[in-house]
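Here is what each chain is made of, one letter per residue.
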Amino acid sequence: SQTIHQWPATLVQPVGSPLSLECTVEGTSNPNLYWYRQAAGRGLQLLFYSVGIGQISSEVPQNLSASRPQDRQFILSSKKLLLSDSGFYLCAWSVQAGVSYEQYFGPGTRLTVT
Amino acid sequence: AQSVAQPEDQVNVAEGNPLTVKCTYSVSGNPYLFWYVQYPNRGLQFLLKYITGDNLVKGSYGFEAEFNKSQTSFHLKKPSALVSDSALYFCAVRDLTGFQKLVFGTGTRLLVSP
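As they're listed, the protein sequences go chains A and B. Okay, so the first sequence: first residue is 91 according to my numbering, each after it adds one. Okay, so the second sequence: first residue is 152 according to my numbering, each after it adds one.
FYI, nobody ran anything at the bench for these hints, they're computed from the structure. This one's a predicted model, so the numbers in the text were calculated from it and none came from an experiment. Warning: the hint list may mix true and false statements.
Ranges of calculated distance between the beta carbons of each label pair, as one might list FRET restraints [unchecked claim]:
1. I202/B to V141/A: 20 to 26 Å
2. S264/B to R132/A: 18 to 24 Å
3. T248/B to K170/A: 29 to 35 Å
Calculated from the model, a selection of chain A residues having no Cβ within reach of chain B, i.e. all distances over 12 Å [to be verified]:
4. P104
5. V105
6. S155
7. R158
8. Q160
We put the beta carbon where it would ideally sit given N, CA and C, even for glycine.
Using the sequences plus the hints, can you model the full thing?
In structure tokens, the structure reads:
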């Protein structure tokens, strides 16, 4: 079966510090990968998605970037964090060229920028 | 553009009573519709989906959803609510803009009282 991991689970970082969040998927090959941010425990904002190694699409211009160095690894980064980067970050995957589009989510990373 | 609306920020129901969480959609073609549940500080869990076929879809944890094309609705239901059903529920629709993305609603918080 497929599993998706995210780490760290929680992170407290000062403004201006760098960020690296990691997501890995097991049990599937060539998945679509997604990064979402959820602010105030409510709506989801799609940040990035990827269809393959090195292929990243950005949904919203911002202080963050994403990379996919391996087939099942997706990394969210920032060079200098802003207070507004605080939130709950969720990674998700879906079957490449799947029929029904459902996504499967990781456990999330709670980021607090102080 | 595809969209879903969840008109209720919060739904309150007593344990043992039936529950309904509402979702309406707006799509330009055939809708692919999804329900997810999120428990506190956790990722989203897939509950069920409608692609085609029977208008009544059964999913995890005793939940079901009814697709109504004439009312453009996809309401989530459960015959008998449990306190453990208290969570945040998201409706989503397939995005038809050329990539396998989902468009999520703003979420409805379900509170089941003992």
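Handout entry: Violated hints - listed by number, lowest first
Key = none
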